[in-house]
Amino acid sequence: MLKTYDELKLLVLAGLILLAGLGTVSLAAGSLDSMVFAIALALAVSYIVVHYILRWVGRSGDKLILPVAAVLTSIGLVVVFRLKPELFLMQALWVAFGLVAFILAAVAGRRVELWADYKYIWGAIGIILLLSAEIFGVEIGGNKNWLIIGPIHLQPAEFAKLFIVMFFAAYLSERRELLAHDTKKIGPLVVPHKRVMAPLLAIWGIAMIILVLEHDLGAALLFFGTALLMIYLASGRYSYLIWGGGLFLLGSVAVYVLYHHVRARIDSWLNPWADPSGASFQIVQSLFALGSGGVMGSGLGYGFPNLIPEVHTDFIFSAIGEELGLLGSGAVLLLYMILVYRVFKVALAAKTAFNILLAGGLAILLALQTVVIVGGVTKFMPLTGVALPLISYGGSSMVATFILLGLVFAVSEAGGSDA
Amino acid sequence: MLDELKANVRKTAVFTIGILVLVFCYLSYIQVVKSQALATNSLNKRAIQVAARIERGKIFDRNGQVLAFSERDSDGKYERHYPYGAMLAHVIGYSSTKYGITGIESSCNGDLAGMKNWGRYLGPIGNLWQPKTGNNVTLTIDATLEEIAYRALGNRRGAIVALNPKTGAVLAMVSKPGFNPENLERDWEQISSSPESKLLNRGVQGLYPPGSTLKVMIAESALAEKITDMKQTFTCEGAWKIGNDYELTEEHRHAHGKINLEEALAVSCNITFGKLTVDLGSKRLADSFSRYGFNRPVNMELEEVPVELPDFKHLSDGELAQTGIGQGGLLVTPLRMAMLAAAFANNGSIMKPYVVSKVTAPDGTIIEEFSGQEFLTPTSPALAKLVRQMMVAVVAEGTGSAAGIRGIKVAGKTGTAENPHGEPHAWFIGFAPADDAQIVVAVIIENAGAGGEEAAPVAGQIFAGALR
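Chains as they are written, first to last, in the numbering used here: chain A, 39 to 457; chain B, 356 to 823.
Because the hints were derived from the structure by calculation, they are not lab data.
All values reported here derive from a predicted model rather than from experimental measurement.
For each residue, glycine too, the CB sits at the ideal point set by N, CA and C.
Take the hints with a grain of salt, since some may be wrong.
[Stated by the list, open to error] Partial selection, computed: residues in chain A whose CB lies under 8 Å from chain B:
id	residue
1	L131
2	F135
3	S277
4	V322
5	G332
6	L345
7	G363
8	S367
9	Y379
10	F382
11	T416
[Stated by the list, open to error] Covered, in the sense of this in silico footprint (three residues per stretch, anywhere, with C-beta under 8 Å from a C-beta of chain B), are these stretches of chain A:
id	segment
12	40 to 49
13	99 to 112
14	392 to 405
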């Protein structure tokens, strides 16, 4: 049993990791910036403040989610400061916004089971957010998923994911009887009823649209993978996974044949050494960084992660692998595993179908996002530009991930039990 | 109802965390198994960047003259400079990110690049001891003497090697034609593709027939094996028929008449030395070459190529006689001929030639110091003295007179080596002062003609410069 006091201890540790990391980077660079330390100290204190606010609002929420998130954001801040010192201030600001969003989500979601009633609103918001990027979106770095409102650059897709998970959790919790039993059989394969098949085809259609129009293989994979696993979660039927996987594969092959952009990505995954200075430049640079880091790493500030393009966003994991070695990159991956495990644990402790599906869906989303980007930069799977949750530089992903965790915290509170 | 759902949650959790575990395994594979291959891949720019981050150490001559140093250019990157340009290009070599490293830059790279640091075995903690500057290397080369030798050779192709016979320290090493390492990257095409082999360090990598310079070794061997003595008289009739198919001749079939060994060496009589070599026989001739270390590598840092010796088991008498006058299948480097002369200059011992005398840390503390080491002792002090006296006669009254300098006794031997590439190569090997030698030189000028006329005066200039 974790005590409230343990959460506080772990948060102090997260703050110390942040201060020690920034100190190491500064010493290696040979210059100390008191501004940076003032900001870091403020953030370390705010971790603790968040702890007290949470425990004041309610007492029984999960006690590992916030500390693990704080350690990951601390590592992210240190690495962003190492790679792009000029972006540190902004990233610190995003973390601060994230912490506020976490509290708001945790507080707002105290009766989260009631949200199931508004499922079509969530669904509509999700679709609108997705389409807004399509209609008003601007292409930055090859992906047309940015929305620019005055000085603010937003990636609405990051938030759309949350709403769509919420919609699915509500939709599936209502229809899961239907999903599980109303089926026909053709040979060995179970064919779901058309009322079930329809949303599956719809989400498949949306994923394909994202893929084709926004050139965003990563987002498409995330949407479709999350939706598919949530359908399995609700029904317990493997046939949905087979149908869905088949559909996605079919669509991907079609897109591979039809669209040059997607084809180039897949080809550079299958054989990066065919064109290491051209099409496969990014993945090859990422592998060089990871390989040069080895087990021990070069030490913070002593590697050359800036040889990788976009290192502070999509490739930040490779920078960690280079400078902190497998010890560092492996630790980060383990932290994600712990976080995902904790979120599933919250799902298991939840008391309503909606809450179970919501927490389960959010766990799947978090896990898949980590797999897609870490798997991408290590050449485990084709590379797609997705943020590494809580670590990559960027506001949308940071705030969205904290909202995700805040909702999970709310579910854990509503679940009323503790691990 | 909810239990069924929770069972699904458990399965999904195992599945998704399982994928994360797979990614973890793959990450470990990349960072452990593939680490070395990725880190050393030629497209990975990190090795160059590491080298560019620290200031490469300086190279000094024996008197503290700077021969190579690094300086930041306008972009903040270190650039290598060579104040002596082509003069020392072959000894020092070059350090280029594009074309690699050679010479001292290569053999001392660990020190110069600051990589010989125990801290690097500590992983990231080792960064605490990472130096900002590489170690400095001091050479045995005397830049002033190098310049004298470089000028004395003029625009001719060839090489000069000068050693201190008492220690083996290389004092000068010139190879022409050369290249200017300052402009290496700019002129690479022209330097590397030149038919004149500009990158070849002829002093240690040029293979030439030694011609008559080898006769000093034959003289010593004949005396050592008691085949002859200083009193025996030989008769030279200008030509000598060996067997049915080979005739050994003097230049213009000029007969030297009745001469003893000393006179034969002074006039470089082919017939006398041909006969002595045939008397020695192939076994004892092979022994002589190994006594003087021709078939034994001497010092890795010199990057020398091995000498080519004839196949002693299958030599006819004619081929034996040819080998004895430094022709036939025998090919040697100028360094090896300087070492041969050094044996007689240094009472029968050959010291191991070396170029690096000292490695110092940037703050001046000495890290490693090198001094003379004996390589071989091929002959006795008494025999060495006899050969030395004969070599003095060569310069005093024989073919090597152009190497003589006023007031100092010089010992030497000329050579005019026939070769398939045109005019004979002009050779001179010798040392001075003869009774207390401070310097031994080997000079070869490719296709220049008679050794006594072309190579001996060059050696004379070097002796004068070194003993001024």
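These are the hints, each one checked on the structure:
For L131/A, the interface hint is violated, the least distance from its beta-carbon to any beta-carbon of chain B being 30 Å, above 8 Å. Because the beta carbon of F135/A sits about 27 Å from the nearest beta carbon in chain B, more than 8 Å, this interface hint is broken. With a least beta-carbon distance of about 14 Å to chain B, the hint placing S277/A at the interface is violated under the 8 Å criterion. Hint on V322/A holds. Least Cβ distance to chain B is approximately 7 Å, under the 8 Å limit.
With its C-beta approaching chain B no nearer than about 4 Å, G332/A sits inside the 8 Å limit, and its interface hint holds. Interface hint at L345/A: satisfied, since its Cβ lies 6 Å from the closest Cβ of chain B, which is below the 8 Å cut-off. Against a cut-off of 8 Å between C-beta atoms, the interface hint on G363/A holds, since the closest Cβ of chain B lies about 7 Å away. Because the smallest distance between the Cβ of S367/A and any Cβ of chain B comes to about 6 Å, under 8 Å, the interface hint for this residue holds.
For Y379/A, the interface hint holds, the least distance from its beta-carbon to any beta-carbon of chain B being 6 Å, beneath 8 Å. With 8 Å as the threshold, the beta carbon of F382/A comes within range of chain B, its nearest partner Cβ sitting at about 4 Å, so the hint holds. Look at T416/A: its Cβ gets to within about 5 Å of chain B, closer than 8 Å, so that hint holds up. Residues of the segment 40 to 49 of chain A lying with their CB closer than 8 Å to a CB of chain B number 0, which falls below the three-residue condition for coverage.
Under a criterion of three residues with beta carbons nearer than 8 Å to beta carbons of chain B, the stated coverage of the segment 99 to 112 of chain A fails, only 0 such residues being counted. Coverage of the segment 392 to 405 of chain A by chain B holds [criterion: at least 3 residues with CB-CB distance below 8 Å; count 6].
Hint violations for this structure: numbers 1, 2, 3, 12 and 13, all remaining hints satisfied.
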